[in-house]
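Novice: Listed below are the residues making up each chain.
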Amino acid sequence: MKKIILSFLLLLFAIVAHAQNNKYLVDEYGNPKHYSVGVKYSKCNIFLVVDSGTKHVTPFEYLNNFPSGNIVLLKGAKSIEIESRIQKDSLSFYRYSIIQNDSIVIKKDAIPTEIKYRWGSGSILPNYVAADLGIFNAVNKKIEVQIYRTDLKTRVTSVIIYNKPIFASKSLSFKLLGENSVRSINNNTSLAVNGSVKGIRVSMENTDINALYSVVIENLDSHSSTLLNPKWKRIKLGGMVIADIGVSEFKLPGRYRVSVYPETSQYASWINNKLSRDFLFTTLKPRTSLFTQKQLIIYGLILCAIFGAIFGAAVTYIKRKEAQKLALKHRDKEMARIQLASVRSQLNPHFLFNALAGIQMLMNKNETDKANRYLSKFARLTRNVLENKELISLTAEKTLLDDYLQMEQLRFGFQYKISASADLDTENIEIPAMLLQPFVENAVKHGVAEKGNAGQIEINFIKQGTDLVLRMADNGSGFDTSKNYDGLGLALSKNRVSLLNSIYKETPFVLDIQSGHSGTTVNITLTQWL
Amino acid sequence: MRAILVDDEAANLENLKILLAKYCPDIKVVACATTIDEAFTQVNLHQPDLLFLDIQMGKTTGFDLLNKLTLKTFEVVFVTAYDNYGIQAVKFAALDYLLKPVDPDELKIAVAKAEIRIKNKIHGEQLNFLLSQIKKSESSIPKIALPQQHEIRYVSVEDIVRCVADNTYTFFFLANGDQVLISKPLKEYSDLLKPHGFIRTHQSHLVNPRFVKSWLKEDGGTLLMDTGDKIPVSKPNREMVKEVLGK
Chain L
3 MKKIILSFLL LLFAIVAHAQ NNKYLVDEYG NPKHYSVGVK YSKCNIFLVV
53 DSGTKHVTPF EYLNNFPSGN IVLLKGAKSI EIESRIQKDS LSFYRYSIIQ
103 NDSIVIKKDA IPTEIKYRWG SGSILPNYVA ADLGIFNAVN KKIEVQIYRT
153 DLKTRVTSVI IYNKPIFASK SLSFKLLGEN SVRSINNNTS LAVNGSVKGI
203 RVSMENTDIN ALYSVVIENL DSHSSTLLNP KWKRIKLGGM VIADIGVSEF
253 KLPGRYRVSV YPETSQYASW INNKLSRDFL FTTLKPRTSL FTQKQLIIYG
303 LILCAIFGAI FGAAVTYIKR KEAQKLALKH RDKEMARIQL ASVRSQLNPH
353 FLFNALAGIQ MLMNKNETDK ANRYLSKFAR LTRNVLENKE LISLTAEKTL
403 LDDYLQMEQL RFGFQYKISA SADLDTENIE IPAMLLQPFV ENAVKHGVAE
453 KGNAGQIEIN FIKQGTDLVL RMADNGSGFD TSKNYDGLGL ALSKNRVSLL
503 NSIYKETPFV LDIQSGHSGT TVNITLTQWL
Chain R
42 MRAILVDDEA ANLENLKILL AKYCPDIKVV ACATTIDEAF TQVNLHQPDL
92 LFLDIQMGKT TGFDLLNKLT LKTFEVVFVT AYDNYGIQAV KFAALDYLLK
142 PVDPDELKIA VAKAEIRIKN KIHGEQLNFL LSQIKKSESS IPKIALPQQH
192 EIRYVSVEDI VRCVADNTYT FFFLANGDQV LISKPLKEYS DLLKPHGFIR
242 THQSHLVNPR FVKSWLKEDG GTLLMDTGDK IPVSKPNREM VKEVLGK
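Which chain is which? The protein sequence lines are L and R, in order. Just so we're aligned, residue 3 is where the first sequence starts under the working numbering, counting upward by one. Just so we're aligned, residue 42 is where the second sequence starts under the working numbering, counting upward by one.
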């Protein structure tokens, strides 16, 4: 009898077990499979048991973009049981809520009271009980379980049990975010990513399981990809949600692919994923954004500094060169001046002593008045030579020539005339002193001296436009201008003219000598002197 | 007019005496002196109208005599053999001077000018100015005497903006805006002021570079003065002006 009862019981157990097996999805030992669907490190645990008709259970350990909770994807589940394992004395400190399809609150902050199972003191979970949080119809439903401890009200553990079909993102669109603007971009667009681009905004139709949707951006050239777990934000219009991709993800030039896909399993891939939706674009090689603005400024400043330094050095160099050139020029001029001074001071000694002899003659003839005057003239001439002035006025030059010719007149009885164009400001126009003197001396000695009273010398200062012409003409017998007459003071004069030309480069002195049987004419033209 | 002649060479005194007797018979030579001390005594004794004063007298100068004579009721004509530092100072004071050997015509002119000054009784002032200029250190900025018909202006060389020639006259443009017309040719002043940095930009223009604002390229070269005046630079002077202004 005892055997019969035992076998009946066994049978009954078997039936129950069988029935249980039919009811629940079981593990390899035939026990109902308890899926731990809670959140890592949570103070509260949640276990899920599904019916045996369930085709697929995808428990996640955790989702990056859903840090406070977990999502469990189910396929074909009809009913689910939810339990939490709690210390038996602590039950009253727990509260739980069950929300169906985001709208129907089945339980709200309920205290777990139903106990499914108690673990004994020697078991693996001593003094723990399995609190029954309910059995729910799961057909095409989203059931959210929230549980928290009253001493940690803010740390709510949430699990979404999702037993609905999952679709690819719908109404997916992309916009380029500028500093102050947002513009739509089409697939396969080329983008110039400059400093004002802030990112790309992805928008899709809102779902009741947005957290499942991930965005990955892949550089197709370098094959580097970044998985973004965006926090989808709802926007007011059109039941859409948005998520932004920062510009740093696609700043480098190259081809990019943005994939939006639901993570239907842990470590689900977007590649060859039927539910993945792709968007392609190319970041163009930047024209200006090779450097950031800050870099540009810094490099700009450095370049400026370098160019500045080079420029400065060049300027200094050129200035120094210029100064050297100027100094050299100055020195050349100074040399010319010194040489000129030495040339200028050469008054024919023949003349000097003959002039003194003339004065002596006057003294001996007791012509003291004449002697006084001629002595003064002689003094003026020699003083002029000794003082060696660079420039004298035309008036002073006229006086000197007059003094000289008067002294020569003492010796030779010739006629002379000195005149100047009426429109010449003889008092204020300055010329190098005694330019004509050697020619006048020459005219006296070799031209008119022998002619006596018939001899004539004419000196003219003529204004010809901006040129000043110093002219000396005599009616002597002339000389051959092609021959070099050492004694004629010609070489001296030519030397002086060329020295003057090295100082007054812009206003050249031109010496012209015409000589024939009827006389000699010397023209010294000071071009553009006036 | 009563005159005293001062020269360290007796022969020069004799010569000048003869020239004065011959060409300026109105002058009565009351005394001659070959030393400063002697001259000092003679001047105090005779109170002459006119002094012919040699500048270089051995180790002393004619200026030493003037320094000793506190009361100057006479005119001075300086006599010197050669243009030197002393004569420059005399020129700056716009005083008269003769060069040896003395030209009879120049002697006559100098005496005639002295006569006018004696009549107008402008004594001492220019002489004191001359002495003050000589005492000054060489680095200090000299003043120049600008004799006008009724007054003599003493102007610091620094305060002369520019000079413009008008035949034998010279217009002075001063920093305070005054214009002064002087009856001497520009050449005299250009010789005096060039050593003090002045530049002859043109036959009719002498310019103080201190008052030059900029070089204008119009007409081949023009100087713009601080006063806004434009001064022409003639072609022969262009390089020289650039050189001076470039420094």
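Hints listed in this document are in silico derivations from the structure and should not be mistaken for laboratory results. A virtual CB, placed ideally from N, CA and C, is assigned to each residue, including glycine. Check each hint, because a few of them may be wrong.
In silico DSSO-like pairs for lysine-lysine, Cα to Cα no more than 30 Å straight-line [unchecked claim]:
| # | chain 1 | residue 1 | chain 2 | residue 2 |
| --- | --- | --- | --- | --- |
| 1 | R | K154 | L | K400 |
| 2 | L | K335 | R | K254 |
| 3 | R | K258 | L | K335 |
| 4 | R | K254 | L | K372 |
Stretches of chain R that chain L covers, calculated by requiring three or more beta carbons in the stretch to come under 8 Å of a beta carbon on chain L [to be verified]:
| # | region |
| --- | --- |
| 5 | 112–121 |
| 6 | 225–231 |
| 7 | 235–245 |
Novice: Check each numbered hint from earlier against the structure, then list the numbers of those it violates in ascending order.
Specialist: 4, 5
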